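Read off the chains here:
Number of protein chains: 2
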Amino acid sequence: MAEERRRGCLIIIGGHEDRDPRGHRVILKEVAKHVRGGKLVLATVASHQPEGYFDEYEKAFADLDVGELVELYFEDRCEAGDRDKLQVLDDAAGIFFSGGDQLRITSQIGDTGIEAKVRSVYERGGVVAGTSAGASVMSDTMLVKGTSKETHRIGDLHMAPGLGLIRNVIIDQHFAERGRFGRLLGAVAHNPRVLGIGIDEDTAAIVADDHLRVIGDGAVYVVDGTGVSYSNVAEAKCDITLSMHDVKVHVLAEGDSFDLRERRPRSA
Amino acid sequence: MAEERRRGCLIIIGGHEDRDPRGHRVILKEVAKHVRGGKLVLATVASHQPEGYFDEYEKAFADLDVGELVELYFEDRCEAGDRDKLQVLDDAAGIFFSGGDQLRITSQIGDTGIEAKVRSVYERGGVVAGTSAGASVMSDTMLVKGTSKETHRIGDLHMAPGLGLIRNVIIDQHFAERGRFGRLLGAVAHNPRVLGIGIDEDTAAIVADDHLRVIGDGAVYVVDGTGVSYSNVAEAKCDITLSMHDVKVHVLAEGDSFDLRERRPRSA
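In the order they appear, the protein sequences are chains A and B. The first sequence begins at 1 in the numbering used here and counts up one residue at a time. The second sequence begins at 1001 in the numbering used here and counts up one residue at a time.
Calculated from the structure, these hints are not laboratory results. Quick caveat: nothing in here was measured; it's all calculated off a predicted structure. Fair warning: there could be bad hints in the mix.
Beta-carbon label-pair distances, calculated as ranges [what the hints assert, rightly or not]:
| # | chain 1 | residue 1 | chain 2 | residue 2 | range |
| --- | --- | --- | --- | --- | --- |
| 1 | B | Arg1077 | A | Asp210 | 56 to 66 angstroms |
| 2 | B | Ser1267 | A | Ser267 | 30 to 40 angstroms |
| 3 | B | Ser1267 | A | Cys238 | 13 to 23 angstroms |
| 4 | A | Gly155 | B | Arg1264 | 25 to 35 angstroms |
| 5 | A | Cys238 | B | Glu1068 | 36 to 46 angstroms |
| 6 | A | Asn191 | B | Ser1107 | 47 to 57 angstroms |
The calculated lysine to aspartate or glutamate pairs, modelled on EDC-like cross-linking and capped at a C-alpha distance of 16 angstroms, are [unchecked claim]:
| # | chain 1 | residue 1 | chain 2 | residue 2 |
| --- | --- | --- | --- | --- |
| 7 | B | Lys1029 | B | Glu1254 |
| 8 | A | Lys248 | B | Asp1246 |
| 9 | B | Lys1145 | B | Asp1101 |
| 10 | B | Lys1248 | B | Glu1262 |
| 11 | B | Lys1248 | B | Asp1259 |
| 12 | A | Lys29 | A | Glu58 |
| 13 | A | Lys248 | B | Asp1224 |
| 14 | B | Lys1248 | A | Asp224 |
| 15 | A | Lys237 | A | Asp156 |
| 16 | B | Lys1059 | B | Asp1020 |
| 17 | B | Lys1237 | A | Glu254 |
| 18 | A | Lys237 | B | Glu1254 |
| 19 | B | Lys1059 | B | Asp1018 |
| 20 | A | Lys29 | A | Glu68 |
| 21 | B | Lys1085 | B | Glu1115 |
| 22 | B | Lys1248 | A | Asp246 |
| 23 | A | Lys248 | A | Glu262 |
Some but not every residue of chain B turned toward chain A, in silico, with C-beta under 10 angstroms [unchecked claim]:
| # | residue |
| --- | --- |
| 24 | Lys1149 |
| 25 | Glu1150 |
| 26 | Ala1176 |
| 27 | Val1214 |
| 28 | Gly1216 |
| 29 | Gly1218 |
| 30 | Tyr1221 |
| 31 | Val1223 |
| 32 | Ser1231 |
| 33 | His1245 |
| 34 | Val1247 |
| 35 | Glu1254 |
| 36 | Pro1265 |
| 37 | Ser1267 |
Where a beta carbon is used, it is the ideal one built from N, C-alpha and C, also for glycine.
Could you put the whole structure together from the sequences, leaning on the hints where they help?
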């Protein structure tokens, strides 16, 4: 079994997952299921002021199958080499990146011992979950900034190298709620090799072995640029409006799945 | 020429078109171009309180090639048969529906002499323009209500018969700005025979002879459901999230055009 599956599982959450101890907590229950009574590390490093985050998640996970919930936070990059910080991850069954700013995560832990440990949790079959900013960082190239609620302007999008736990996709979160369709289309236009994955709030894409499955209240949008016949994204002027023909879109709801290699959806 | 082209032109505007007398007024200039010094009727019937609308448009059109701008407004449906109201449209080169509530337009003028006159302006080669609610009413079936900024829930969408000046499409406006992608996808899921057309603010689709052309600042989104391989829209529960696979989307910017019969885009 361990040899068959060299990697673990990603739980990529669109933000605002239900954390009410009396709520449905569909997504946190899924996280707990993968942790199977082991240790879950809550990385609050995306936030400048993570006060309260840990308490909230501790209450939310209290009656779920998480053996131990431990916070990982540091103010500065230099702390990412601290022995006690690193040790926290040694026996972790999973890691959960809470929300904030995706650049905080990558600039603080990129190319540090912490990043190596996160990768090793994943490679030995653990779960890496992330919500909001914690979702965006999972890909090779991540979306950092771009206007919501308007059609993409060429030159408006900011991207940066992410943690690279999943390749050939680019992730956006709070998707329908913040009207981010335009910017995800814009990101895919830059290089249709990447599949755009837009995740609604309280919704998650669970990825294992090139297979994506949807849980939660909203939808996961998959933007496939393979068949794009024209786009103006390489034009010189930054403020012109995106034009892009023949994009394929899938709207996936709970139970739907998607084969990331074949780029094909399957219904519930 | 008159025999070759039995119908006029539609200018379908996504709302908030530039009306500043010192602004670019790309869309109003296009309207004026089609009016060619003739009479333009501003129908403010979509609004309960159209005070100020006429003044604003009068200022905006003042230095453009509109010979005469006349307001058409009535409070109640019974007035839609008034002789003086009807006469206003007799020699009109164009009609412009301002914004408000699309149901005000259809419930007030549907199946009245006014509606017949609007149709005859169009059929004798005139221009029918409409912004926001005035855009939505142009299709056979129009979108009336549906939540913005979230993924479509089955049962959440309200549609009604429109003026039917353009067939086999359904129009949405304030499109990227109000995050209406989800609801337009939902509308197309209901019957992929209709092409979804989502128009951004200060942007217009000019339709003549099954040919659509884009002008303005934002984009026109075309949602083509022809290839949809699966959707759950016919399922019984109203509050479940839309699932819909293999939708084709085109993002069209100024200068791009679209062949409505062949359903094919063409770049600028």
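Structure-based check of each hint:
For Arg1077/B and Asp210/A, the Cβ-Cβ distance of about 59 angstroms falls inside the hinted range of 56 to 66 angstroms, so the restraint holds. Taking 30 to 40 angstroms as the suggested C-beta distance range, the pair Ser1267/B and Ser267/A conforms, at roughly 34 angstroms. With their beta carbons about 19 angstroms apart, Ser1267/B and Cys238/A fall inside the hinted range of 13 to 23 angstroms. Here the CB-CB span from Gly155/A to Arg1264/B is close to 28 angstroms, well matched to the stated 25 to 35 angstroms.
Distance hint check for Cys238/A and Glu1068/B: the Cβ-Cβ separation is about 42 angstroms, which falls inside the suggested range of 36 to 46 angstroms. In this structure the supplied range 47 to 57 angstroms holds for Asn191/A paired with Ser1107/B, their Cβ-Cβ distance being about 49 angstroms. At roughly 15 angstroms between alpha-carbon atoms, Lys1029/B and Glu1254/B fall within 16 angstroms of each other, so this suggested pair holds. Annotation: proposed proximity of Lys248/A to Asp1246/B holds, straight-line Cα distance about 6 angstroms (limit 16 angstroms).
With a C-alpha separation of about 10 angstroms, the suggested pair Lys1145/B and Asp1101/B falls inside the 16 angstroms cut-off, and the hint holds. Among the hinted pairs, Lys1248/B with Glu1262/B is consistent with the structure: their alpha-carbon atoms are about 14 angstroms apart, no more than 16 angstroms. Our distance criterion of 16 angstroms between C-alpha atoms is met by Lys1248/B and Asp1259/B, whose separation comes to about 15 angstroms. Between Lys29/A and Glu58/A the CA atoms are separated by roughly 13 angstroms; this keeps the pair inside 16 angstroms, and the hint holds.
Simply put, Lys248/A and Asp1224/B have alpha-carbon atoms about 10 angstroms apart, close enough for the 16 angstroms limit, and the pair holds. Between Lys1248/B and Asp224/A, the direct Cα distance comes to roughly 10 angstroms. Compliance with the 16 angstroms bound is thereby established for this hinted pair. A threshold of 16 angstroms between alpha carbons decides the hint, and for Lys237/A with Asp156/A the separation of about 11 angstroms falls inside it, so the pair holds. Between Lys1059/B and Asp1020/B the alpha-carbon distance is near 8 angstroms, which keeps this suggested pair within the 16 angstroms criterion.
For the hint pairing Lys1237/B with Glu254/A, the CA-to-CA distance comes to about 14 angstroms; that is within 16 angstroms, so the pair holds. A distance of roughly 14 angstroms separates the Cα atoms of Lys237/A and Glu1254/B; the hinted pair therefore holds under the 16 angstroms criterion. Among the hinted pairs, Lys1059/B with Asp1018/B is consistent with the structure: their alpha-carbon atoms are about 12 angstroms apart, no more than 16 angstroms. Annotation: proposed proximity of Lys29/A to Glu68/A holds, straight-line Cα distance about 15 angstroms (limit 16 angstroms).
Distance hint between Lys1085/B and Glu1115/B is fulfilled; the C-alpha atoms sit about 12 angstroms from each other, no more than 16 angstroms. Taken as a hint, the Lys1248/B and Asp246/A pair is honoured in the structure, with Cα atoms around 6 angstroms apart against an allowance of 16 angstroms. Between Lys248/A and Glu262/A the CA atoms are separated by roughly 14 angstroms; this keeps the pair inside 16 angstroms, and the hint holds. A cut of 10 angstroms between beta carbons decides the hint on Lys1149/B: the least distance to chain A is about 5 angstroms, and the hint holds.
Using the Cβ-Cβ criterion of 10 angstroms, the hint placing Glu1150/B at the interface with chain A is satisfied: the shortest such distance is roughly 5 angstroms. With its C-beta approaching chain A no nearer than about 5 angstroms, Ala1176/B sits inside the 10 angstroms limit, and its interface hint holds. Interface restraint check for Val1214/B: the shortest CB-CB distance to chain A comes to about 9 angstroms, inside 10 angstroms, so the restraint holds. For Gly1216/B, the interface hint holds, since its Cβ comes within 10 angstroms of a Cβ in chain A; the closest pair sits about 9 angstroms apart.
Checking Gly1218/B against chain A by beta carbon gives a least distance of about 5 angstroms; that is within 10 angstroms, so the hint holds. At about 8 angstroms, the closest approach between the beta carbon of Tyr1221/B and any beta carbon in chain A falls short of 10 angstroms, and the interface hint on this residue holds. The criterion of a C-beta within 10 angstroms of any C-beta in chain A is met by Val1223/B, whose closest approach is roughly 8 angstroms, and the hint holds. The closest approach between the C-beta of Ser1231/B and any C-beta of chain A is roughly 8 angstroms, which is under the 10 angstroms cut-off, so the hint is satisfied.
Below 10 angstroms, beta-carbon pairs count as interface contacts, and His1245/B has one with chain A at about 4 angstroms; its hint therefore holds. Annotation: Val1247/B was flagged as interfacial toward chain A, and the flag holds, the nearest CB pair being 5 angstroms apart, inside 10 angstroms. Proximity of Glu1254/B to chain A holds as hinted, the smallest CB-CB distance being about 7 angstroms (cut-off 10 angstroms). Among the interface hints, the one on Pro1265/B holds; its C-beta lies about 4 angstroms from the nearest C-beta in chain A, closer than the 10 angstroms criterion.
Here the hint on Ser1267/B is kept, as its CB sits about 5 angstroms from the closest CB of chain A, short of 10 angstroms.
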